[in-house]
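Residues per chain are reported as follows:
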Amino acid sequence: MVITSVDVIQSIIDGILYGSIYALIGVGFTLIFGAMQKLNMAYAASSIAGAYCGLGISAVLSLNLLVTFFLGPLVGGLIGILVYLVCFRFIPSREHLGSLMASIGALFLIDEIIVHETDGSPLNFPELGIFSEAYFLVGEFGFRGDLIFVLIVSLLAMTSIILMLYRTKYGLAARAVSQQMNAAILCGINPHKVNASTFFLAGVLGGLAGCLAAAAVGVISPLLILPLTIKGLIATVIGGLGSIKGAIIAGLLLGGFESLFLLVRGVNERDIYVFLLLFLFLVFKPNGMFGSIIDRD
Amino acid sequence: MTVLSIKNVSKRFGGVLAVDDLDLTVDKGEIVGLIGPNGSGKSTTINLICGVFPMDKGSIKLFDNDLKGLARYERSHLGIARTYQNIRLFGGLTVWQNVWIATRQNGIGSFAKKLGALFLRSQKSVEAVDELLDLFALQNKANIAAENLSFGEQRRLELARALASEPKLLLLDEPAAGMNSEEVQELRDRIFKVRDLGISVLLVEHVMELVMNVTDRINVLNFGKKIAEGKPNAIQGNALVQEAYFGS
Amino acid sequence: MEYYFGILQTLGFHVLLGYSAYILLLTGQLSLAQVGFFAIGAYASGILTVLFEWHIFPALFIGAIAAGCMAFMVGFPALRIKGLMLVIATIAFSEIVRLIFFNLRWRFEINGLEVGPDGAQGFREIRYFAANGWEIYEIVWLIWTMVAVATILLWWLDQIKAGAILRAIGSDELAAESSGINVTSVKIVAMACGGVIAGLSGGLYAHSTTYVDHNTFTVLLATFAVSYPLVGGLKSVFGTLAAVIFIQGILIEGLRFLGDYRTILFGALIILVMNFKPKGIVDENFVKGISEYLRLNKKLIK
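Protein chains in written order, with our numbering: chain Y, 1 to 297; chain E, 1 to 248; chain Z, 1 to 302.
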């Protein structure tokens, strides 16, 4: 097969549109990292679990597809709070590996529960109605309707998160807790409440990302969890640990990069190159694209 | 002979100029005090000397070695040791091990010797550790985990650990914080003992009882700038210093 | 009998995997790359005995060294930066290794039979032991000799300065570096040592099961590797040993009738231990309790 420049650009376009899901997951990791300086490794797992629950509830009550897109994020947020309680709230922070390891445990706990409940087989996720049929042609390039929907919804969600962080009282409290925990406590802020809200918000984003990923792929499967975890983390690192803007841009670019290597090297080798990209950044630009200089400590 | 010379050093954190064009020297066998109100840049100065973060401008020299760009462990090998404002010990290790860790294994001798020090307990290092524990009255606690020591003992252990690396310059960051008058007396005697070992000392301290009685020379910082320098009794009467402290 | 020998073999691989994570955890770093080193050891030594018809011992040795070199190369960029970066880098590394072996096809005919790694089909016919007439108890003996040697070495580590340095870094990096320790290089060396042990374990694993494929080398196995020292506690190397016996011997093998609920239990176990015993089960109080118990027994016997 001859790969033309049109093919290359087309695949990058598709990839960037799909990359908005990585951006969402990356923003979620960043929110939690910003709040507690910790990684929540169970994040992508709880996102997919949220989407599963949304799908399950809508199926049982035979509700409209749009309702799934509300239920998924909601349950994702609730699972987020649960993960916070189980893995972060009560583990003393001087055992700095405790929460990290617990969240890895939660990752496999959630993963295995999903595998167990669905007997390991993927479920069909409903198509996006008119969006999945739409296809826009601009010159030689096409834009898939469902992916445009994914991009728009993600951008809306991320914008509202940023507005919340910088325009609301919650956001002020969240930033206060992350910068000066003790001073914030003295001002009467309850850091546990604020952190739980951050986990909820991140979980909502994750549940949305889970639903969008499932809708774009057409099926939902526990096999989505690990790649989503790793690619979300890579977006976070490449963008610069702690930078929301960086996570968004890196997520989109990561999607384009992935899609390009899908075209050039095929589906079996694609992820090797995506993951190697991380090491490229670790060697040459360890602070990422927008990260502040990370103290080595 | 000048042990430490700091020239035109500046450090900015965001909008705050924490250290502003600072000059400071410490001579051999001298105990130099560094005082100033909270936030005047004293701890920042110590952290710049140790390489906790890089400076923006200026130069810091230990003897003839420019410290610019050297890692923290390299500075330790050159002969800088320190204690911390909030005590930082290796909590899970025993008192003996805490001191043992810092005994010179690097920088001296061949590669084989350095490697050997990692695997063998040389008689020399054992003696050095025991001697230090004796000096700081910790010998009977040698096998207790450092985290189980009392506050005063932890302070002494930190000092013992700092001396184990055979430094030429010792940086003390508020060693008397939280001590009663009797303990301050003990600390003063220990600092003199350190000086008698031929080690120069830079002392950052709020407790005037200690600073005035132990130092040969005092530097006063305010808003990152040096506003006065001189003998302790001269500093006590300095109007600028009083203004910095009391704002009068 | 075969069944119990099989379990002993499995325990052996896992103990070595746990040890490989233990060394690095002493410095306070959590690595999910141990499974990648395990896979490299398995494939490298398998290729050497099958395709190049080497003797088992040099093959195991080269497999371990190859894994160690790889560990060095991963550790170098990742350990210069924040601790959390290592987790991200190593999880990506393990998946890279798994995907490379998923795509690796390197086969040619040896003695009229086509052998070698066959991509997604896995690497079959690693039959060194059978072809050279090793009995199963001899294989078990070999594995557990390695385990014993590793245990003694790691126990010895706590008697010498090198071990104290590792623990000092795990306790306070800044203070360790200001005390003259080159923290980054110590961590990288610890990572490389861990890689060697994991690689050795992988080589033993490949030859005793005679078959490996990419599906074995998942992040789940990497999680098992770090969970042993963390659940067992870093107080001593015997915590890791005890945790392997508890998790693999009792939770995974003993509760076979629970089927795939066991992996769910594993996740829950980690969460529980981290919440209620963040220093691991074999912590100071546990050790104190045991030694007091032993002392009591001695008195009773007298």
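Think of the hints as simulated: they come from the structure by calculation, not from any bench.
All C-beta atoms, glycine included, are put in the ideal place defined by N, C-alpha and C.
Certain hints may be false.
[To be verified] Which chain Y residues stay away from chain Z? Per the calculated CB distances, all over 12 Å, these: (1) L39; (2) L97; (3) S99; (4) I104; (5) A106; (6) L123; (7) Y135; (8) G142; (9) G145; (10) T229.
[As the list claims (entries may be wrong)] Quick look at which bits of chain E chain Z covers, simulated, 3 or more residues with Cβ under 8 Å: (11) 8-19; (12) 187-198.
[Stated by the list, open to error] Heads up, simulated PhoX-like pairs for lysine-lysine below, C-alpha to C-alpha not over 20 Å straight-line: (13) E:K124 / E:K113; (14) Y:K38 / Z:K82; (15) E:K28 / E:K231; (16) Y:K245 / Y:K38; (17) Z:K288 / E:K141; (18) E:K57 / E:K124; (19) Z:K288 / Z:K235; (20) Z:K298 / Z:K288; (21) E:K141 / E:K28; (22) E:K68 / E:K57; (23) Y:K285 / Z:K288; (24) Z:K279 / Y:K38.
Numbers of the earlier hints that this structure fails to satisfy, in rising order: Failing hints, ascending: 1, 2, 3, 4, 5, 10, 11, 12, 18, 21 and 23.
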